[in-house]
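Q: Kindly produce the complete structure, drawing on both the sequences and the hints.
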Amino acid sequence: SFIDFVGMPCKIRLKTLSQAKMMPPHSDVANSNKGTKFAKGDYCSIFIGLLTNQEKTNWYSYEGIFNINRINLFKLKKQKSLVLKNQQACLFDNNAIHSVTNCDPKNTRWALAISWQDITYKELLQKYNDYINTCSNK
Numbered sequence: 007s008f009i010d011f012v013g014m015p016c017k018i019r020l021k022t023l024s025q026a027k028m029m030p031p032h033s034d035v036a037n038s039n040k041g042t043k044f045a046k047g048d049y050c051s052i053f054i055g056l057l058t059n060q061e062k063t064n065w066y067s068y069e070g071i072f073n074i075n076r077i078n079l080f081k082l083k084k085q086k087s088l089v090l091k092n093q094q095a096c097l098f099d100n101n102a103i104h105s106v107t108n109c110d111p112k113n114t115r116w117a118l119a120i121s122w123q124d125i126t127y128k129e130l131l132q133k134y135n136d137y138i139n140t141c142s143n144k
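In terms of our numbering, the sequence shown opens at residue 7 and continues consecutively.
Don't read these hints as lab results, they were simulated from the structure. Accuracy of the hints is not assured; some may be wrong.
[Claimed, not checked] Subject to a maximum C-alpha distance of 25 Å in a straight line, what follows is the list of computed DSS-like cross-link-like pairs (lysine-lysine):
# : residue 1 : residue 2
1 : K86       : K133
2 : K91       : K112
3 : K62       : K21
4 : K91       : K62
Bear in mind that the values here come from a model prediction, so they are computed numbers and not experimental data.
A: Here's what the structure looks like:
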């Protein structure tokens with residue numbers, strides 16, 4: 007019912023991460039326009055851990071313009087981190103620079119992502135708060 011409440015087109019994908027020790031810092035929006043005229047990345051998601059292995063997602067701020075091909079690691083400032091458990095969900099800021107660490111190459115992480123390209127994380131968070139308030143007033 008929350009997805010209907012958002013009222014915007016979304017895409018639903020199964021995401022995996024395997025045979026990796028980490029996923030380097032990136033932005034799903036900033037990195038999505040390779041070979042295309044317009045960025046088509048997801049700005050935000052509901053991210054649900056299906057099978058997790060203690061991987062840690064880290065979000066960063068970055069001084070200046072972020073370019074995935076020339077990352078200055080000294081400009082990355084960690085803002086928050088999250089270890090998502092199995093069957094746990096979070097609202098995910100895909101536009102912000104983020105990485106995944108603590109991966110075991112022998113294990114595969116499986117997650118379900120319900121993602122939006124036309125709404126920001128802040129807007130999704132506001133819609134979530136509005137949804138919770140609407141539900142609690144019934």
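Q: Against each hint, give a clear statement of whether it holds in the structure.
A: Now the hints, each set against the structure:
no.	hint	in the structure
1	K86 - K133	22 Å, holds
2	K91 - K112	18 Å, holds
3	K62 - K21	15 Å, holds
4	K91 - K62	10 Å, holds
Checked against the numbered hints listed earlier, the structure breaks none of them; every hint is satisfied.
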